[in-house]
Amino acid sequence: MAAKDHSMTSVAIDTAPEQVTRTGIRRRLQDALPKIVLAPSFAVTLFFVYGFIIWTGYLSFTNSKTFPSYALTGGRAYQRLWTWTFENDPPSSWYTSITNMGIFGLLYIGCCLALGLLLAILLDQKIRGEGFLRPLYLYPMALSLIVTGVAWKWILDPGLGLEQTFHQMGWTSFHFDWIKNKDFVIYTVVIAGVWQASGFVMAMFLAGLRGIDGEIMKAAQIDGASTWQVYRRIIIPLLRPVFLSALIVLAHMSIKSYDLVVALTSGGPGGSAWLPSNFMYEYTFRRNEMAVGSASAIIMLMAISAIIVPYLYSELREKKS
Amino acid sequence: MAFLEISDLRKRFGSLEILKGINLSLDKGGFLVLVGPSGCGKSTLLNSIAGLEPITSGDIRIDGRRVADLHPSKRDIAMVFQSYALYPNMTVEGNISFGMEMRKIPLAERKAAIERVSKVLQIGHLLDRKPGQLSGGQRQRVAMGRALVRDPKLFLFDEPLSNLDAKLRVDMRTEIKRLHDTTGTSMVYVTHDQVEAMTLATKIAVMRDGEVQQFGIPSEIYNNPTTIFVADFMGSPAMNLLPARVENTGGSVSVVLARADGDELRLAVGEEKGKLLLRGPTPNLIVGIRPEALTDPAGADRHAKNVVEAECQIEVVEPAGSDTFAVTRLAGKDVVARLRGDALVHAGQKTFLAFNMDKAVFFDPATERRIA
Amino acid sequence: MTVLDMDVSDAKRMARMRVINRIVIYGLLGIFAVLYLMPLFVMLVTSFKTMDEIQGGNMLALPRSPTLDAWVKAWGQACVGLTCNGISGYFWNSIKMVVPAVAVSTVLGALNGYVLTKWRFRGHTLVFGLMLFACFIPFQSVLLPMATILGNITRFGITLRSTFGTSFGLGDPTANLAFVHVVYGLGFTTLFFRNYYAAFPDELIKAAQMDGAGFFQIFWRIMVPNSLPIIVVTVIYQFTNIWNDYLFASAYAGTGDAMPMTVALNNVVNTSTGVVEYNVNMAAAMIAALPTLIIYVVAGRYFVRGLMAGAVKG
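Residue numbers (this note's numbering), protein chains in the order written: chain V, 1 to 321; chain E, 1 to 372; chain F, 1 to 314.
Because the hints were derived from the structure by calculation, they are not lab data. Where is the CB? At the ideal position from N, CA and C, for every residue including glycine.
Simulated restraints on C-beta separations:
id, chain 1, residue 1, chain 2, residue 2, range
1, V, G57, F, T166, 34 to 40 angstroms
2, V, T66, F, G27, 55 to 61 angstroms
3, V, R233, F, N21, 15 to 21 angstroms
4, V, V309, E, S236, 51 to 57 angstroms
Below, computed lysine-lysine pairings styled on PhoX-like, alpha-carbon distance capped at 25 angstroms:
id, chain 1, residue 1, chain 2, residue 2
5, E, K177, E, K167
6, F, K118, V, K35
7, E, K74, V, K35
8, E, K177, E, K28
Just chain V, same shape as in the assembly:
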């Protein structure tokens, strides 16, 4: 208050420069404050994410074994992975991991999308008790993959689970031992994974369906379209952005899934259930092939980036315009 009175009584121009420098410094500090607040988070991200990625990339060009070694020895780790990629008789661990990734990725994403869409459409038919049913499909998403794995390990165990139960109910010819079969164990991972995530995809589709203008439905019905036609020709095409988001999320979750394989199959007979994430962990921490493990991590990163980077780029650009 005093400062204001002062400037009002004396000639304003005289006091102006002094006032400017004093407030100038404070103002500059004020201006910098937001950046100062953001800086630690950003620095942490730069170091612990991007710095570490570079670090891992560097290690993949060394011949680190049990301990990191920092002498560059060229792309030998990648060369080995490349050779293993074609070594299918008997399959190399890497060959198994990436074929499993293909099978798991396709089936997991496909089944989740199909099941999620089906459930969402069924729930969207003005169902009584929707509020009761919806959480039943979605709750598995709250469970960890470890718990999921433990539960399904029990259910799929031939001596205890489904097989045993059906035998007791009189269906003695029923045979289901995929979890112990090196050629089929990856499909049990798909089953458990789909059970865990499809409810979430359902929720995404349901939100998408609820976002569609109800008048479009009415207009189509007046045009004489059947319910099936309305869905096939109008609703599902309108859900394209949801498909894209769900696809991105599922692709990302499938490349990262590691826990489920460990808990459900402990890696499967002879590592037959491995995904690249398990390969990386085993080679880095158990088989003392740190360089190879790092190289596989970099390959995983590049695979995810190929999907995520264009997506994020378009999302952030759209927001700008």
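Mind docking chains E and F on chain V? Use the hints.
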């Protein structure tokens, strides 16, 4: 020195110049309205006065004090926002007292100030409510209360009425005018609504593309627009702007407009304006005639010296109660005439219209500036 | 007459169709509900059975004489590796890791979101983009360097302890894990708050500035009181993610007393000494699942919203 002085104010965003050298001034107790279409820079100018956006160059003085480097809260101003910007988590009382709290004014003083303001705006019964529980008009009042309680040197309004329905908007407009009359505080008001501008302002600045097109008192802006843009923007229905040609026939100067049927309509402009038009850069020009200067002969201004009556084909009639608007076609454009409410005209009929050429204005089509 | 007849039969047929339609829809929804509930049901009933009943019985059958023995044993006596003290200690490990990690990452996320929407600066999109991408990296690509760094910190902590008698918390595996989760959770919390604050009217910030409030005053007095929904979403999302994490937990606290719940559960299940006690395994799994399940039941709406916000950038 004027109370509010803006000199050569510029603002740039990269290579984009949003304000291109604004010069404005307002006397103490005045009401300045910044009006223009969206994107003309009026809100940026207001935010610059408030200190919410940094300026690139130029100067802003309030009551003789340079404020360009001061924090918004140090400029002794108050602002009412378009969305009212009431803090949703605080009660009405909390909203009004927050600024005083920030300035560490003692509780007793705050209470007294709130009581005074809530009496003026009649919001005493709302003090315990949250903004979400208020109607649009009540929120508007609270927003004004929050500004009023600061007892600022300068009030800023950023399109404060645009979120209200038509009837409430008129009521609140009156309220703001009354507030100005009773407090005598200087105000700067941004709107895109030219009716608000005309009714509230003591000074209007019409803006376009970061420039002030015309700055003056409302009647001057309305009657003597200096550019086609201002003529077109101010007034509703808008001024009729018609391409025409100047002709000098036997000492009498007239403008000639093409009629729809191929004939020509001659409108004598009187001696004074005629001279100016002949001296103009080109015989082709744009004539501006406001709808109220184009009436039925019985309703024409009896004091006007140059009134031309001409028969016109009426195409559409729009009765509006107090007036009747008739649309005819001249010079390839729809022309709106404002007739008395009880005028007997029908679409498709021919009728005489009186052109009051005293009120007509003339523009150079190339520069879009006023000739006469 | 005939026209009327046709109308009646048409209407009847349509009504019948509608009934059949409804039966099919409810039937399908019911079957799926049973299928989705089955694993949880099996876990629950098994955890209340005795081993005798499990070995000879049907996994879907209800327990003949429900008993809490398996739960008590899982909590207090189950073997994790060679120690047989139950999982209670590991449960508390998880709590001690999750609570600070969630709190710190939420506060930082709120501040970051506030800066990135209301105090924008040149390059804010790039900064946000880089932080956002960090949410999507496979953590395998940072696993090893982090292990190296944490190893060094732990060694430094041991040195400190031998000189000063205390390690100042440096190298404690639970603290390490909390730190790791803060670092790799920042992207998500920032994303949540940024998107929420982007829809928060700028005029409120301007009004508060005119009222004389500074950067932190606006944050605490205006932003935070209006952020309850997104705070709930973020806390739930982070809690679920960190509680359920296995990769970091097994890499940085995979052995010893400091294991979090997920690692301990996996070890209980895979401990091969003696008879495998399935009822104890299931009880342990239920205990591991309970915190997130309870949150899901209590605040399912916010849980779903968090998942969506993490999935659709908007």
